[in-house]
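Novice: Modelling step: build the complete structure from the supplied sequences, incorporating the hints.
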Amino acid sequence: MEERNLICTACPMGCRLVVKMEGDQVLQIAGNRCRRGESFGRQEAIAPQRMVASTVRVLNGFHPLLPVYTKGTVPKKKIAEVLAEIRKVQIAAPVANKTVIIKNILGTGVDVVASRDMPAKA
Amino acid sequence: MLAKNIYDVVVIGSGPGGVAAAIAAKQAGADDVLVIERDVEPGGILVQCIHNGFGLTSLKEDLPGPGYAQYYLDQAKALGVEFLLDTMVLDVTSQRKLYLSSQEHGYVDLEARALVMAMGCRERTRAQIRIPGMRPNGVFTAGTAQRWVNVEGWMPGKKFVILGSGDIGMIMARRLTYEGAKVERVLEIQSYLSGLTRNYVQCLQDYDIPLQLNYTIKRIMGKNRVEAIEAVQVDQRWNFVPGTEEIIPCDTLLLSVGLIPENELSRKAGVILDPVTGGPFVDETFQTNVPGVFAAGNVVHVYDLVDWVTEAGFGAGKGAAKFALAQKAAEQRYTPVKAGRNVRYVVPHKLDKQTLEQEEVHLQMRVTKPIEEDVWIEVHGENNSIVRRSERYVRPGEMVTVVLRPAHYAEVCKAGTLTIDIYPKSEA
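Which chain is which? The protein sequence lines are A and B, in order. Here this note's numbering is used: the first residue of the first sequence is 1, the next is one more, and so on. Here this note's numbering is used: the first residue of the second sequence is 1, the next is one more, and so on.
It is possible that part of the hints are untrue.
[To be verified] List of simulated lysine-lysine pairs, DSS-like, C-alpha gap at most 25 Å: (1) Lys322(B) - Lys268(B); (2) Lys268(B) - Lys103(A); (3) Lys159(B) - Lys76(A); (4) Lys159(B) - Lys121(A); (5) Lys88(A) - Lys159(B).
[Claimed, not checked] Cβ-Cβ distance ranges computed for the label pairs, FRET-style: (6) Gln212(B) - Gly14(A): 18 to 26 Å; (7) Asn60(A) - Pro291(B): 46 to 54 Å; (8) Ala120(A) - Arg344(B): 56 to 64 Å; (9) Asn239(B) - Leu59(A): 49 to 57 Å.
Honestly, the hints are just simulated from the structure, not real lab data. Just so it is clear, CB atoms sit at the ideal spot from N, CA and C, and this is done for glycine as well.
Specialist: Here it is, written out as structure tokens:
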């Protein structure tokens, strides 16, 4: 049996988790103060997931960049690929908050959406 | 000019604290609420905080900074909060008079029945932490770098060292890595992390960026541009430990070494600051020592989470609205008394109608020039004559008195302003 020490990032409390594992099987999670910590620990021990936030280029926008983020978490090991996909995008202003910029990025089932309204240049 | 020159609640700053205050003020019954922002768009620092993690407590949603800001901005606009952008507040008095310089409206002065200070913080710079060495280009605060990378679209460097383990510094370490830069090291002079543990995990650990506790910068090297920094370990009293020096080549140094509440305007208004927080002393409604002047958010003390800033803003806005409404009720009890034709001044300048209901009130005045014939002395409202009496002459050297009695109460109540005219009967 293996014991892994993790820090929960589900919320800003940063609980210290102790995850007991047998191979790829999670046997027990301790140290969490809520149920989200339980599911975070389970996921983090097997296949860590993260939300990703970055920017895309905007044509004729109030700012040259539009902030975007993944609406849900994507596998941590795909972050570099996700960023590469996001970097390819260029979009024309105006853009509304939550507009889908990339649908189902890399087949993760997660959309990349706009983080704000981006009006066109005045 | 602005449409109004007096507002129930004026908020200085459109970050999360200010916008929450404006929302709460509207909801608590304030009619005219104005938010003044020096930037060309509202939102404050959240605009550049494109990472997620905002709103977990207040909105039960994991939002990026701009999205969190927009949620509350949309709400404020729907409630009819007015925004004055691209406008600098030059001065504020303890009587809540504001003097502004606005791109669109030019020089403006206005009055607030209640005022909410929501100017946020400034970052500590190299000057505040006194790093020795050369003064080359390439030393920036983490927040400045964040604005460039996330909003304006250019990279401040390629190879970074970050001093300080504040949240913005750690978040920028990840962000710069995303954009292809190399973050060599994060140095923290204290023996513990100064930001959130979750940011250590998801910003540094995830990308193998080394954090060194009990380390600081001994000197900055490079003539025109940063070429390296010399890191050194410190003991418990922050003295350099000889022999632990390490030269780390880099082209950019970011500082994430704390924030200072920005209270220059508060001071001008006579607000007393707590030397520990750098923010005003406040009561539970976030009212400062100056009646009617409230403070919201990071201008009071540095918060760890924006959710608490929003909550504090709601508290301050509610307090401000309550104060403003009481102020307005008091104003409505009074009727201003104005000098009209041939009257130089009148005392009192305003009249409490509740007093007049009970007892008589003497209005005393002097004329601007002698009139050596029969005159009328008349007190009137906009559409009604309240008292008229005659005098055989008036002279500036001799004071004139008019008596208002409880019998006049009903007529006085119909008037917004009382005006006194003195004129020859021949002209009547």
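Novice: Mind listing which of the numbered hints don't hold for this structure, in increasing order?
Specialist: Violated hints: 2 and 4; rest satisfied.
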